[in-house]
Amino acid sequence: MSDSARNAVLDSVRKALGRDCELDASIETALDGRLNDSGPHVLPVFDEPPLERFVDKLETVHATTVRVAGVADIAAAIDSYIGAHRLPTNIVVARSALLDNIDWPAAFHVEHRGATVDDVVSVTEALAGIAETGTLVCGSSESHPTSLNFLPENHVVVISESRLYKHMEEVWQELRRLPGGLPRAVNLITGPSKTADVEQTIQYGAHGPRRLHVIIIEQH
Amino acid sequence: MQSVAHEFKAHARRALQDTTLQHALARAKGGFIDQRRTAIEALPEFDELRACAKQIKNHTLAHLDYYLERYEAQVKADGGQVHWARGPEEARRIVIDICRAAGARRITKGKSMVGEEIAINPALEAAGFEAIETDLGEYIIQLAKEPPSHIIAPAVHKTRGEITELFYAHHRSHGINERVSDVASIVNEARSVLREAFVTADVGITGANFLVAQTGSSILVTNEGNGDLTCSLPRVHIVTASIEKVVPTLEDLAVFLRLLGRSATGQEMSSYTSIFTGPKRNADLDGPAEYHVVLLDHGRSAMLGNEFREMLRCIRCGACLNHCPVYGSIGGHSYGWVYSGPMGAVLTPLMVGLREAADLPNACTLNGRCQEVCPMGIPLPTMLRRLRMREFEQNLTGARSRWLLSIWAFLAKRPRLYQTLLRPFVRLLAIGSRGTRRSLPLARGWTQSRDFPTPQGRTFQSLYRARQRKQ
Ligand code: SF4
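Residue numbers (this note's numbering), protein chains in the order written: chain A, 1 to 220; chain B, 1 to 471.
The following block holds chain A by itself, in its conformation from the complex (with noise of 0.2 Å):
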């Protein structure tokens, strides 16, 4: 790397703000300060329960929605999926807690790996739910690979209530708690993927999956 260009730009920087050199300690103590500070700046209001907010996002986003009462209900929801949509049975899971204690259906052929063009449906746990938006969290770990949210055309993923959040702000304080930091990829999932590149119509899985299938395990 040429650290010239790099004192070049920083430079041409600093002459633009008027400086000549480094930040004043004291200024730079307020930016440190500043970068450390995790404050919310605006956040919208609404007035509905949030899991009533997410689930009504999501469906307007083009994502369908099924609650259950417990992780004993999942198999039979993604199953009735799986036959709506006369979907195979060979399946990408990805591996968490809760994934891990699902009870598959004997016809289901479970894989646990990152997913190829070749699969059609994908399990995947999503780390925090954002009421304000109807989006997913996912990120990326040895247990989750991306490929799984992208790759097949139907992304199944299922979330605990307790993992919704109101504000995309309350997540990022989750994120920064985690083992390790941020993820490689964390992937902020708004519906399904569409493009409008041609003549602006709206055309569903563009080149990431085509349905957005969201199992809530509700809270009681």
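What the hints contain is simulated information worked out from the structure, not anything from laboratory work. Heads up, none of these hints are tricks.
Computed footprint of chain B on chain A; a stretch qualifies when at least three of its residues, placed anywhere within it, have a C-beta under 8 Å from a C-beta of chain B:
hint	region
1	4-13
2	23-31
3	108-119
4	184-196
5	205-217
These figures come from a predicted structure and were not determined experimentally. No residue lacks a Cβ here, since even glycine has one placed at the ideal position from N, Cα and C.
Following the hints, put chain B with the ligand in place on chain A, whose structure we already have.
Same frame as chain A, now just chain B with the ligand:
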């Protein structure tokens, strides 16, 4: 790309007569405007967010060196690499060196305006790599060998029929021998052709909508998911971004995310907003082994120090293009470089030179709609006026305009003479007209695509005088 902004007038004239283009522009425009309005009306906090975003950007720009250094340190701490480029040439060399070192052959690309700015595709191809655009709009214009005509909808000028023919001509090598003409089939065909590219690429190059200093992350906002496939499947991920993209924290980012989608397409959130931080972690099953960021200056540090600093707040939402009557009439290609519409008319002269792009700041009616809709409150009309002043100072204004302006200035300073001379013309204009004129002698070029409003009743000055007398 090489700028052809100096041919603006000829291109604009051709665009006005191109009926296919006029259809495409008319169709696109209404949609963007309505969707934006609906989304903004549904968010009472919009103005508050806008003020907040403006303040955050002003703060960041005022301490840009600090934030860039913090960003760089954080990327390194997460195992990534940062490269600095003064201009396009340097940026191209950095990208090509990374691709060579990686032993790459095939490269997939996500949409990146900085990538367009540094003309990375032709450079990669000249260096022997295969570079494939994966955003559907970018893919279409890559096949057509054209630059983007809109910053967020690069193929907005293309009709379905044109895309059908392009695919028919180019997809035969993929064993596809039939013409597809409905939207669903076109999208599906692109999907199947590009799938293979995603999984076989060695390097993925994307842009960034934002860079976050606090976490060393690059943020990518898309609807198709192509950007995520581009940077998660290949061994190497290169981000091309410009220095003003940095924001301090994730909390700051949240403010911009609430403005961007709504201003661009009327979406509260695009389908995918991804936060990338460093290369894959040791145990990860996918993700790139190398994560590079190329930070481009290209005139931005100069803008930081002059009267165009506010332009650096731009988040490339495209709202000013969608609301600009000039852009709406002539489309993006007329502007002759990668950026178009009001933001392009400001940026192009500052990046490729005022002499090259002298017509752009003049292609504006100063109606002010761009500034009204700009989520970052950028005073675009003021900037265009400043560029016009620079042109005048640098003697780039044509001899005839200068001559006419000096006559006008002479008369304007002598109101009585001004009126005496003007009165007969005003009367002549009003004869036999009902408010507008379709054509005017000596001004056909002007009236061909607009009507001229004719004088109604008395002049402002005589009304004013009468009023003064009454008081
Ligand atoms: S100038 Fe404003 S409206 Fe235009 S693209 Fe930039 S942010 Fe959007």
